[in-house]
Amino acid sequence: GAGVSQTPSNKVTEKGKYVELRCDPISGHTALYWYRQSLGQGPEFLIYFQGTGAADDSGLPNDRFFAVRPEGSVSTLKIQRTERGDSAVYLCASSLKPRDTEAFFGQGTRLTVV
Amino acid sequence: AQRVTQPEKLLSVFKGAPVELKCNYSYSGSPELFWYVQYSRQRLQLLLRHISRESIKGFTADLNKGETSFHLKKPFAQEEDSAMYYCALSSGGSYIPTFGRGTSLIVHP
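Protein chains in written order, with the numbering used here: chain A, 1 to 114; chain B, 1001 to 1109.
For reference, chain A alone in the conformation it holds in the complex (with noise of 0.2 Å):
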């Protein structure tokens, strides 16, 4: 089976510009998280769904990113006006249950604000 899947693999995008990136998890899987790792760090949490909802979107540096899962599967993470500082590797993950504590995680999507 395939694992998690995110795309684009590379986006670059001038300043300002809006971007959505892509998350497909592994298939019944319910958890997901997205986090965004900058260059010689971790990655740091942004946003965690279980199911359809947001369970905690604490993570989110501010109200220009914004992440969805309609139907509990394939999640988007938006960001408006995007900004240089926002250029990093955006991960997702998923589990299969909730409190499932292994994470599958996706090649990321590496976004350059130019």
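Hints in this document: simulated from the structure, not taken from any laboratory. Be aware that one or more of the hints could be misleading.
[Stated by the list, open to error] Pulled a few chain A residues facing chain B out of the computed Cβ check, cut under 10 Å:
no., residue
1, Tyr35
2, Gln41
3, Gly59
4, Phe104
We treat Cβ as the ideally placed atom computed from N, Cα and C, and that holds for glycine.
Assemble the complex: chain A is given as a structure, and chain B must be docked to it using the hints.
Only chain B this time, still in chain A's reference frame:
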């Protein structure tokens, strides 16, 4: 708040030497600790977790609650162990893993 500290950004050893990657954490409750690994051009993947008490690829890690540490050890490093290693903590409430900044392990031939 939960926090994970990996004091070494880089650890360089020769093949056959022992390896210890350090991880310290801060959390007031009973945490679950993990080690994740990322090999070159591959995705982040779970290496081991403390509740399993298992040895994976020759690596072991023991949770020391007194010292709030979860160091990763291997008695004889291999070249294929070269990778980024991340220590992570998950609390009983949210189960959202918090990661350290990672340690790059380089094993020279």
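A quick look at each hint next to the structure:
no.: 1; hint: Tyr35; in the structure: 8 Å, holds
no.: 2; hint: Gln41; in the structure: 5 Å, holds
no.: 3; hint: Gly59; in the structure: 8 Å, holds
no.: 4; hint: Phe104; in the structure: 8 Å, holds
In the structure shown, no violation is registered for any of the earlier numbered hints.
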